[in-house]
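With the hints as your guide, set chain A onto chain V.
Just so you know, the protein sequences line up as chains V and A, in that order.
Quick note: the first sequence, position 46, residue 46 per the numbering used here, numbers continuous.
Quick note: the second sequence, position 24, residue 24 per the numbering used here, numbers continuous.
Take the hints with a grain of salt, since some may be wrong.
Stated by the list, open to error - No more than 35 Å apart at the CA atoms, straight line, and that leaves these computed lysine-lysine pairs for DSBU-like: (1) V:K40 x A:K55; (2) V:K9 x V:K40; (3) A:K95 x V:K40; (4) V:K41 x A:K55; (5) V:K19 x A:K95; (6) V:K41 x V:K9; (7) V:K41 x V:K19; (8) A:K54 x V:K18; (9) V:K41 x V:K53; (10) V:K40 x A:K54; (11) A:K68 x V:K18; (12) V:K18 x V:K53; (13) V:K18 x A:K55; (14) V:K41 x A:K68; (15) A:K68 x V:K53; (16) V:K53 x A:K54; (17) V:K22 x A:K95; (18) A:K95 x V:K53; (19) V:K9 x V:K53; (20) V:K19 x A:K68; (21) V:K41 x V:K22; (22) V:K22 x V:K9; (23) V:K38 x V:K18; (24) A:K68 x V:K40; (25) V:K36 x A:K54.
Everything labelled a hint here was simulated from the structure, so no lab data went into it.
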Amino acid sequence: DTEVTQTPKHLVMGMTNKKSLKCEQHMGHRAMYWYKQKAKKPPELMFVYSYEKLSINESVPSRFSPECPNSSLLNLHLHALQPEDSALYLCASSQEAGYPSEAFFGQGTRLTVV
Amino acid sequence: KNEVEQSPQNLTAQEGEFITINCSYSVGISALHWLQQHPGGGIVSLFMLSSGKKKHGRLIATINIQEKHSSLHITASHPRDSAVYICAVDQGAQKLVFGQGTRLTINP
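For reference, chain V alone in the conformation it holds in the complex (with noise of 0.2 Å):
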């Protein structure tokens, strides 16, 4: 199993309501990343876990709150977000974080907030 499992795949939700997005892989991968990827860009990192502990949080506002339960799940919970914050949100995970390994990414979550 080389994949990398996001839910859901589409999300729209007002800046009032309280929601999260749901990562998984089962490859054994130590490191888990969320990225943030607006319209035509490259994707920007907004956090690191590494052995289930955030190692880098990319100043990101405290709206977006990731979790990680355990090895294989990666969660990003989101509460009064910002017509702004509407993107495609895509997950990753590699062998280790903080040594080249391959990435594996997620089909991401397109987020819209109205």
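Positioned in the frame of chain V, the structure of chain A alone reads:
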């Protein structure tokens, strides 16, 4: 100036043509990745390389560490190769630095 520069930004070609996409970087790296992104979002890892050359099917990736340059070649291009190709460098700091991407369109 971006740390990772790709050229061209857009490329349109006819089916069967040989395609080259270039990537230059200005930082020290531990590896370089070539990624493919189709409309609809998902990103697929094509290659990870730190030296020399790799080949997979019709795709070839090369890297010259001294010149800080990498190329992705597609032989016998096909409309299904139409996608955005992204070069990303791994500086060994748990994060990738991405180029702006090359939008490739192959016409039948």
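Subject >> Hints not upheld, ascending by number >> reply: 8, 11, 13, 20
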